[in-house]
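Participant: Read off the chains here:
There are 2 protein chains.
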Amino acid sequence: MDNFTFHNPTRLHFGRGQIEQISSEIPTDAKVLLLAGGGSVKSNGVYDQVKAALSERTVIEHWGVEANPDFDTLMPAVRICREKKIDWVLAVGGGSVLDGAKFVCAAAPYAGDPWSLVEDFGSSITSALPLGTVLTLPATGSEANSASVISRRAMSLKLPFMSPHVFPQFSILDPETTFSLPPRQVANGIGDAFCHVVEQYLTFPTHAAVQDEFAESIFRVLIKVGPKTLADPTDYDARANLVWAATCALQGLVGCGVPHDWSSHMIGHELTALHGIDHARTLAIVLPNLLEAQRATKREKLLQYAERVWGINAGCEDERISQGIEKTREFYETIGIPTRLKDYEVTADVAPIVAARLAGRGMGAIGEHADLTPDRIEAILRAAA
Amino acid sequence: MDNFTFHNPTRLHFGRGQIEQISSEIPTDAKVLLLAGGGSVKSNGVYDQVKAALSERTVIEHWGVEANPDFDTLMPAVRICREKKIDWVLAVGGGSVLDGAKFVCAAAPYAGDPWSLVEDFGSSITSALPLGTVLTLPATGSEANSASVISRRAMSLKLPFMSPHVFPQFSILDPETTFSLPPRQVANGIGDAFCHVVEQYLTFPTHAAVQDEFAESIFRVLIKVGPKTLADPTDYDARANLVWAATCALQGLVGCGVPHDWSSHMIGHELTALHGIDHARTLAIVLPNLLEAQRATKREKLLQYAERVWGINAGCEDERISQGIEKTREFYETIGIPTRLKDYEVTADVAPIVAARLAGRGMGAIGEHADLTPDRIEAILRAAA
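If you read the protein sequences in the order shown, they are chains Y and B.
Every letter in the first sequence is one number past the one before it in numbering that gives the first Met the number 0, and letter 376, counting from 1, is 375.
Every letter in the second sequence is one number past the one before it in numbering that gives the first Met the number 0, and letter 149, counting from 1, is 148.
Check before you lean on any hint, since a few could be wrong.
The list treats identical chains as one, so a pair stands whether inside a single copy or across any two.
[As the list claims (entries may be wrong)] With a cut-off of at most 25 Å between alpha-carbon atoms, the simulated SDA-like pairs for lysine to any residue come out as follows: (1) Lys-50 with Phe-120; (2) Lys-84 with Phe-178; (3) Lys-30 with Ile-352; (4) Lys-326 with Ala-358; (5) Lys-83 with Pro-26; (6) Lys-50 with Ser-123; (7) Lys-326 with Thr-125; (8) Lys-83 with Ala-378; (9) Lys-84 with Pro-232; (10) Lys-84 with Gly-275; (11) Lys-227 with Ala-369; (12) Lys-223 with Arg-307; (13) Lys-326 with Asp-47; (14) Lys-223 with Ile-311; (15) Lys-227 with Met-74; (16) Lys-223 with Gly-251; (17) Lys-227 with Thr-205; (18) Lys-83 with Leu-156; (19) Lys-341 with Tyr-235; (20) Lys-227 with Pro-204; (21) Lys-30 with Glu-55; (22) Lys-30 with Ser-122.
No wet-lab data here; the hints were simulated from the structure.
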């Protein structure tokens with residue numbers, strides 16, 4: 000097991016009716032910026048619950064944070080924080096709203112160019128406004144970690160940043176608030192959480208037995224409850240297990256003391272930046288082909304994955320690995336996420352463009368062994384055509 | 000899944016050489032109370048590493064915290080904190096030293112009778128000195144939770160308390176510092192951690208899929224690495240997995256959103272208070288017979304436990320349950336922990352005494368269904384003779 004530091008101070012309130020906890024989490028004299036996306040939280044009752052919990056607090060609302068939150072959408076919120084002397088930010092929505100809020104919290108007190116906070120991956124962040132979140136879409140894990148991904152469409156960019164200063168102070172996870180989500184968004188959440196675990200698990204063995212078992216646990220839960228909660232969105236327990244699995248997938252325990260990959264995410268971000276494909280769908284396009292390309296270096300973990308997650312014990316080792324990868328592709332297809340570029344009307348011409356863009360930002364050799372070079376990234380995307 | 004709040008702010012530094020992290024965790028101008036047990040940390044090099052990391056800080060040492068830390072041993076440390084205006088407490092040792100330090104941290108700023116903080120299970124604690132820990136014995140999980148168990152031998156008492164104020168600010172877990180432990184203490188740690196997971200898992204189903212999987216994960220890791228690390232104490236990976244499994248067993252994720260039992264602990268504490276039996280050994284005495292006595296109400300989880308943890312699929316349900324319980328007893332015996340009262344030269348006469356003592360402190364009906372009444376507790380201990 001590798002050395003690590005684990006720290007996750009976010010207080011998580013999970014379950015029915017937990018939105019009322021906001022009233023004890025945010026000081027009554029706080030001036031609050033409520034950050035949200037579209038109007039869905041108004042139609043499903045979440046907004047009313049949030050307003051009731053905020054009661055007498057001064058609240059300024061800022062709506063319109065989109066999927067893949069954009070720098071240019073968020074900067075007005077940053078200016079509001081500065082001009083109105085906001086004390087707290089409350090993000091109400093899915094991972095995009097939460098990621099956007101993390102940027103707002105970090106940028107508001109920052110004197111320099113806010114985009115530089117993203118460009119240097121968060122390393123310049125030394126303080127941030129306190130953040131609370133009400134999560135309405137299980138997917139990204141942003142409710143319980145210190146990471147964020149920000150897009151800048153004007154520059155065709157989508158970049159991650161991390162900072163311990165942007166851990167939410169608290170997050171509310173009420174599975175009932177997710178009942179009204181469109182199936183496509185639920186499926187995307189399942190697929191995103193699944194890939195988060197892959198990125199922290201499917202590398203090479205470091206004898207981290209607990210982490211491996213926890214990762215395999217989350218895979219099995221997602222495989223079991225994913226199709227179930229899509230078929231019956233108001234089955235509370237199935238949805239609750241999806242919500243909690245998605246949070247546990249990226250709150251730190253699965254990934255501590257082990258190598259990480261994140262290549263599928265890095266390649267996928269480019270597909271979103273270039274073609275606007277949903278984040279989870281880019282992962283479904285990249286992942287099976289990336290695993291195929293890396294089957295030699297990921298060999299031991301692919302065998303473990305095939306056996307412990309998919310119950311594949313028969314056949315020679317190469318066959319078991321192939322079956323495990325095929326099961327992964329089938330899983331995405333089963334929950335309604337196509338896994339080929341052509342399903343999104345994108346051709347293989349994108350392959351060299353993505354490889355060159357990554358190389359241009361210093362990602363010319365990614366993956367746990369830094370062996371995914373531009374030519375190999377290009378080959379992965381060509382195989383995904 | 001039941002509603003829950005999960006919060007665990009402790010920063011965990013895990014791995015070789017991590018003791019040096021103390022130097023960045025405790026302010027350089029802090030006046031530190033170093034709390035420790037016997038001299039083992041001096042002979043195994045831990046003390047030297049700690050002193051080097053504390054470097055120029057003012058340090059007052061207080062030694063002699065015993066297994067099952069005693070109120071009367073700890074009160075002199077409380078007085079030192081007050082008289083010397085201590086800013087930070089650093090606990091160096093196993094769960095007993097850490098539990099004792101939590102009491103010292105809470106009692107030092109408390110104006111009332113310190114014992115009342117224990118008697119009311121921690122509910123009066125409103126502040127505490129900041130605590131850091133260097134864990135040298137994987138077992139209790141105290142390094143990453145807000146619980147403590149304090150004994151008062153003068154009154155033959157052993158009582159738990161909890162408070163969010165006593166979460167350690169940080170904990171250091173270097174598996175190498177545990178290489179020199181006597182096998183008996185390592186075995187006790189394995190047995191203690193195993194029972195912690197039982198108490199949070201073997202109740203009744205609440206469709207908490209992730210929590211169940213995480214619990215079963217820790218069982219499987221302990222079953223696998225327990226005997227291995229006892230046989231080869233300097234196998235780093237085996238010991239590292241034991242240390243991390245013991246921490247994860249009681250840091251909160253396994254037990255959130257599910258019913259808890261803790262009856263084996265409550266009954267076991269009385270055996271320690273009356274006869275001085277090691278904590279983990281009292282659990283080994285109580286647990287198999289408690290599971291037998293509760294096989295009706297724990298039926299569904301006992302079946303799940305037998306199958307997923309021990310791989311027991313054959314036979315009728317009652318047989319599978321019996322086999323799962325027997326496997327549990329065998330596991331304790333395999334790691335060198337006898338499971339009968341007579342192995343500790345204690346007779347069944349203790350049974351009514353324990354039952355009466357628990358009832359006398361308001362624990363006349365314990366367990367997840369509050370159905371373990373004095374007569375049933377007595378029967379469990381008679382069966383353990």
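Participant: Against this structure, judge whether each hint is valid.
Facilitator: Okay, the hints, checked on the actual structure:
1. Lys-50 with Phe-120: neither (34 Å within a copy, 36 Å between copies)
2. Lys-84 with Phe-178: Result: close neither inside a copy nor across copies, 35 Å intra and 54 Å inter.
3. Lys-30 with Ile-352: Cα proximity of Lys-30 and Ile-352: none, with 45 Å in one copy and 58 Å across.
4. Lys-326 with Ala-358: neither (31 Å within a copy, 55 Å between copies)
5. Lys-83 with Pro-26: within (17 Å within a copy, 35 Å between copies)
6. Lys-50 with Ser-123: neither (34 Å within a copy, 33 Å between copies)
7. Lys-326 with Thr-125: Answer is neither; intra-copy 43 Å and inter-copy 52 Å both fail.
8. Lys-83 with Ala-378: Neither: 51 Å inside a chain and 67 Å across chains, both beyond 25 Å.
9. Lys-84 with Pro-232: neither (40 Å within a copy, 57 Å between copies)
10. Lys-84 with Gly-275: neither (35 Å within a copy, 60 Å between copies)
11. Lys-227 with Ala-369: Neither, since 38 Å and 34 Å both go past 25 Å.
12. Lys-223 with Arg-307: both (14 Å within a copy, 16 Å between copies)
13. Lys-326 with Asp-47: neither (42 Å within a copy, 53 Å between copies)
14. Lys-223 with Ile-311: both (16 Å within a copy, 22 Å between copies)
15. Lys-227 with Met-74: neither (39 Å within a copy, 56 Å between copies)
16. Lys-223 with Gly-251: both (22 Å within a copy, 24 Å between copies)
17. Lys-227 with Thr-205: Between. Shortest inter-copy distance 17 Å satisfies the 25 Å Cα cut-off; intra-copy 34 Å does not.
18. Lys-83 with Leu-156: neither (30 Å within a copy, 57 Å between copies)
19. Lys-341 with Tyr-235: neither (36 Å within a copy, 49 Å between copies)
20. Lys-227 with Pro-204: between (32 Å within a copy, 18 Å between copies)
21. Lys-30 with Glu-55: within (10 Å within a copy, 43 Å between copies)
22. Lys-30 with Ser-122: Cα proximity of Lys-30 and Ser-122: none, with 28 Å in one copy and 32 Å across.
In summary, the numbered hints that this structure violates are 1, 2, 3, 4, 6, 7, 8, 9, 10, 11, 13, 15, 18, 19, 22.
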